[in-house]
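To convert, count from 1 in the sequence shown and add 12; that's this note's numbering.
If you're looking for bench data, these hints aren't it; they were derived computationally from the structure.
A few of these clues could be false.
Here are the simulated DSSO-like pairs of lysine-lysine, each with C-alpha atoms no more than 30 Å apart in a straight line [claimed, not checked]:
#1 Lys257 to Lys233
#2 Lys102 to Lys186
#3 Lys233 to Lys167
#4 Lys213 to Lys145
#5 Lys161 to Lys96
#6 Lys173 to Lys257
#7 Lys233 to Lys269
#8 Lys144 to Lys94
#9 Lys102 to Lys144
#10 Lys213 to Lys257
#11 Lys145 to Lys184
#12 Lys213 to Lys269
#13 Lys96 to Lys111
#14 Lys184 to Lys171
#15 Lys268 to Lys184
#16 Lys145 to Lys186
#17 Lys186 to Lys91
#18 Lys249 to Lys269
#19 Lys144 to Lys96
#20 Lys184 to Lys115
#21 Lys102 to Lys115
#22 Lys257 to Lys145
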Amino acid sequence: MKFKYNKTPVNKFIGLYKETKDDKNNFTHYAISVQQIEELESYITSLENDIIILNNNISSLKTGNEINLNNLINEYNNKLIKLKNLHSQKIDNLHSVIKDHKKELVRVNALNGNLLRISRERANQERNLRPKKSHNGFVVLNRQSLYYKVYSNVKPNPKTKQLNYIEFPCFKVKIQTPFDASICFELIEDEMISSFSSFIKDLGIGVWYKYDSIVSQSISKIEDFIFNNEYDNFIFKHSYITNFKSNLWDIEIYTKKDII
Numbered sequence: 013m014k015f016k017y018n019k020t021p022v023n024k025f026i027g028l029y030k031e032t033k034d035d036k037n038n039f040t041h042y043a044i045s046v047q048q049i050e051e052l053e054s055y056i057t058s059l060e061n062d063i064i065i066l067n068n069n070i071s072s073l074k075t076g077n078e079i080n081l082n083n084l085i086n087e088y089n090n091k092l093i094k095l096k097n098l099h100s101q102k103i104d105n106l107h108s109v110i111k112d113h114k115k116e117l118v119r120v121n122a123l124n125g126n127l128l129r130i131s132r133e134r135a136n137q138e139r140n141l142r143p144k145k146s147h148n149g150f151v152v153l154n155r156q157s158l159y160y161k162v163y164s165n166v167k168p169n170p171k172t173k174q175l176n177y178i179e180f181p182c183f184k185v186k187i188q189t190p191f192d193a194s195i196c197f198e199l200i201e202d203e204m205i206s207s208f209s210s211f212i213k214d215l216g217i218g219v220w221y222k223y224d225s226i227v228s229q230s231i232s233k234i235e236d237f238i239f240n241n242e243y244d245n246f247i248f249k250h251s252y253i254t255n256f257k258s259n260l261w262d263i264e265i266y267t268k269k270d271i272i
């Protein structure tokens, strides 16, 4: 609410002020009474007090908000610490479980290695392979010369009228392994592949390929692969066969040339 007061136009004359009735443009000052001055001062004091109260209220609001904000931050920090501790404990438990499983895996692999070694030595002894402890246990059972057709899984361009296969002479070789046929293939696969990869070098075979990777190419690339391969002899197809008569696993391979 604005403070209202009456002001009287006056002229200053030799240090004195005199009320004038002239036009407003001809006076030099305004004069108000002492009572009005006191009322104005009281009004100003009241405004100053209101300003102080408002400033105090603002400070209180700021302090209260800061306290609430700090409380929320502390609350979330405590929750975060609890979650971190909980997950850290779970991670530690998982690491412990993984460590135990790795130890068990090492133990089982050692047992499997011993069992496979014993199984190979027994198979070597039964087949009179000497020395039974160092012989790799692989025996070539038979070799067969034949013509083989390799079909491409890539459809040829019908405009070219190109055949979707190539036919070429090769050899099929059946090899007996020292691995017991009663043992699940998944348990001996890695050991069989490792041992057989070393054995084929003695047969003059440079490498063996996965058949699926060959037939997934176009027929022209397959032809180039077969006839212009960097290896003089290689395996382009193989399969694992359970031989219940001998109770051993056999490997049947197709090679580009005869083995040594």
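Hints versus structure:
1. The suggested pairing of Lys257 with Lys233 is violated, with an alpha-carbon distance near 40 Å, which exceeds 30 Å.
2. A C-alpha spacing of about 53 Å is found between Lys102 and Lys186, which places the hinted pair above 30 Å, so the restraint is violated.
3. Between Lys233 and Lys167 the alpha-carbon distance is near 13 Å, which keeps this suggested pair within the 30 Å criterion.
4. At roughly 20 Å between alpha-carbon atoms, Lys213 and Lys145 fall within 30 Å of each other, so this suggested pair holds.
5. Between the alpha carbons of Lys161 and Lys96 the distance comes to roughly 62 Å, so the proposed pair goes past 30 Å and is violated.
6. Restraint check: the Cα-Cα separation between Lys173 and Lys257 comes to about 47 Å, which exceeds 30 Å; the hinted pair is violated.
7. Proximity of Lys233 to Lys269 is assessed by CA-CA distance (about 20 Å); at most 30 Å being required, the pair is judged to hold.
8. Distance check on the hinted pair: Lys144 and Lys94 sit about 62 Å apart at the alpha-carbon level, beyond 30 Å; violated.
9. Under the criterion of a C-alpha separation no larger than 30 Å, the hint pairing Lys102 with Lys144 is inconsistent with the structure, at around 50 Å.
10. For the suggested pair Lys213 and Lys257, the alpha carbons sit about 28 Å apart, so the restraint of at most 30 Å is met.
11. A threshold of 30 Å between alpha carbons decides the hint, and for Lys145 with Lys184 the separation of about 29 Å falls inside it, so the pair holds.
12. Straight-line distance between C-alpha atoms of Lys213 and Lys269 comes to about 14 Å, which keeps the hinted pair within the 30 Å bound.
13. With a C-alpha separation of about 22 Å, the suggested pair Lys96 and Lys111 falls inside the 30 Å cut-off, and the hint holds.
14. Between the alpha carbons of Lys184 and Lys171 the distance comes to roughly 35 Å, so the proposed pair goes past 30 Å and is violated.
15. Distance check on the hinted pair: Lys268 and Lys184 sit about 9 Å apart at the alpha-carbon level, within 30 Å; holds.
16. Pair hint Lys145 plus Lys186 holds up; C-alpha atoms about 23 Å apart against a cutoff of 30 Å.
17. Among the hinted pairs, Lys186 with Lys91 is inconsistent with the structure: their alpha-carbon atoms are about 67 Å apart, more than 30 Å.
18. Between the alpha carbons of Lys249 and Lys269 the distance comes to roughly 13 Å, so the proposed pair stays at or under 30 Å and holds.
19. The straight-line distance between the Cα atoms of Lys144 and Lys96 is roughly 58 Å, outside the 30 Å bound, and the hint therefore fails.
20. For the hint linking Lys184 to Lys115, the alpha-carbon distance of about 43 Å lies beyond 30 Å, and the restraint is violated.
21. Simply put, Lys102 and Lys115 have alpha-carbon atoms about 20 Å apart, close enough for the 30 Å limit, and the pair holds.
22. A C-alpha spacing of about 23 Å is found between Lys257 and Lys145, which places the hinted pair at or below 30 Å, so the restraint holds.
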